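Kindly generate the complete structure, drawing on both the sequences and the hints.
What follows is each chain in one-letter form.
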Amino acid sequence: MSPRSSRRWALAGLLTPATLLLAGCFLVPLGIMATYSVLSPGLYGGVEWEFYPYNYGRVLGAPLGDAEEFDPVYAGILLRSLRLAAVTVVVCLCLCYPAAFWVSRLPGARKNLVLFLVTLPFFANLIIRVYAWMLVLRPTGVLTRAFDAVGLGAHAPDLMFTEGAVVIGLAYVLLPFMFLPLYASIEKLDPALLQASSDLGASPLQGFLRVTLPLTAPGILGGSVLVFIPAFGNFVVPALMGGAKVMLVGNTIEQQFLAARNWPFGAALAMLVLGIILIAMLAYAWRFGRVDGAVRP
Amino acid sequence: MTPKIRSLFVVPLVALACALPGAAAAEGRLSLYNWGDYISPEILERFGKEFNVKVTLDTYGSNEEMLAKIQAGATGYDIVFPSVHMHDIMAKLGLLAKTDLNKMPGFANIDRAALRAKSDPAGEYCLPYAWGTVGIVYNTKKIPELKSWKQFFEYARKNPKKVAMLDDMRETLGVGLILNGKSVNARKPEDVKAAQEIILKHKPDIGAFTYEVIPLVQSGDLHAAHYFVGAMMYVLEKPDTLGYVIPEEGATMYQEDICVLKSAPNKANAMKFLEFMMRPEISVLNTIQQKNGSVNLKAMELLPPALRNDARINPPASVRAKLQIFEDLGKDLKTYDRAWTKVKTN
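So the protein lines, in turn, are chains C and Z.
Going by the working numbering, the first residue of the first sequence is number 1, and it counts up by one from there.
Going by the working numbering, the first residue of the second sequence is number 1, and it counts up by one from there.
Be a bit skeptical, because a hint or two may be false.
[Claimed, not checked] Now the stretches of chain C that chain Z is said to cover, found in silico as 3 or more residues with beta-carbon under 8 Å: (1) 27–38; (2) 73–79; (3) 136–142; (4) 253–261.
Hints in this document: simulated from the structure, not taken from any laboratory.
Just so we're clear, the structure is a prediction, and the values are computed from it rather than from any experiment.
Virtual Cβ for every residue (Gly too), placed ideally from N, Cα, C.
And the structure:
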């Protein structure tokens, strides 16, 4: 055996566990979901093994049986989920972009401390953190008392069980996913480039738009994708902080698999979510996935 | 029994290994799969000690969650606690073991009226466990006395966002059906649609659809909330702040049965557990801890009079006549699904 082919065998051997893991834990379940999404629902959950392509039509509002009329209710849920996820991305970006600049200019030890603090919330259970927010936002909670303390009690906003509360909750939970990629690209930014642009007569705004922004774009997009995906499918935050009055696609899928006992329709909805996320990922990979040189001027 | 969302929070695997000296030497095992907080830990401990069995308890938050898990092939559980309509479904799916419990001596203690499952009228499969109503829990400092759904919604109109309803398709649409004088098992699309319209009409005044209301009602953030009789655990602890009412218009009731699975690995111990639960002195321990309705007539006699005579837990016949229990709707469940999605999105 030549040294090259033996190296190839060794590589194949080393990659086998990862390949098996991906195939067994990702491709097989995905295949099951895709198959179920075109089957007929079983009366008590599960599926009947007969081809039934109408689940996808129902997502778009097509009526199913005589009890229904055309009604794009599910398309509306998808759109609302997209909108809330997009708003969450913008909120996270506005909070993290300046913060990442500040952190990148800190001296070494303090920088590490701040980075540690950013990841600290991961050490506590998600549900507990969301509950803590409910204690803050509820009408007799910390927020109202803070307004009272400065004499603005009458103006305290009642955010509990509103769409605003859902955005606050999602942004809070997903903030680190925006911060870390942003920080990574801002950290790499060479201040000399900005200096050079200013030497060449660029205003600070021009410097930001034509130097800083393009150079940190991979971080912005990476963070946005990482925040968008979990925000889109989340169902715990809308259930708890939105009082389940704002139905998102994650809650709808849960309802289909449990209360409504319609697994194929839930699977079809899940496949659609997957498709939308895949498009976002492909767009990202297409723009930034090749080489760093593609974006670096 | 309806605390669905618990599944999200309660540590799903509450391993309640009955830690008695020499538990390692336990002769057998018994594996229960029950709703969260729905059996007194003392019962499990006593059973474990008496029969030298290691008892484990896993919890679920809804009938559907339990069924989905059993259907997906979860094995290792001996006993589940389905609601009556789920008992029927599981019987239809052939998941339950025949126990002939009506031939056990303790069966004489069980209220025959509690044999509610259509699939099991003689009590050959499952043992009736406990029952309760779904009404309204309220803060008595905000509302001194609450009597009806009508009052609940009128209060909500004047105090928007201070009331909550359950995040439960059939319970909440059920309130609409009750207000229209329909059965909570109505199958006609127009009846379900009318119920949907009622809930939608009041939706702007409703703060949330949720199960997690007790701390919020206690703190006064919510003034009243659709909730099941399990609220009595808290009402009896804080009688000056909390109240519970079965609304005048009527309400739904639930009952769970103790069923042995066909796939039970420890069937002999499961049978012993059924016999154990029929004993009045054991059954009453559970009722005292749970503060819900009992189906064991002999155990009722042992119940402290304060609990037995509390009309909120054991309502008089005139109120009982207004209680309805959910049935399995089969294919017609789809009508409710669509209506509920409309309620949650409009």
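Status of the hints after comparison with the structure:
no.	hint	result
1	27–38	violated (count 0)
2	73–79	holds (count 4)
3	136–142	holds (count 4)
4	253–261	holds (count 7)
Checked against the numbered hints above, the structure breaks only hint 1 and satisfies the rest.
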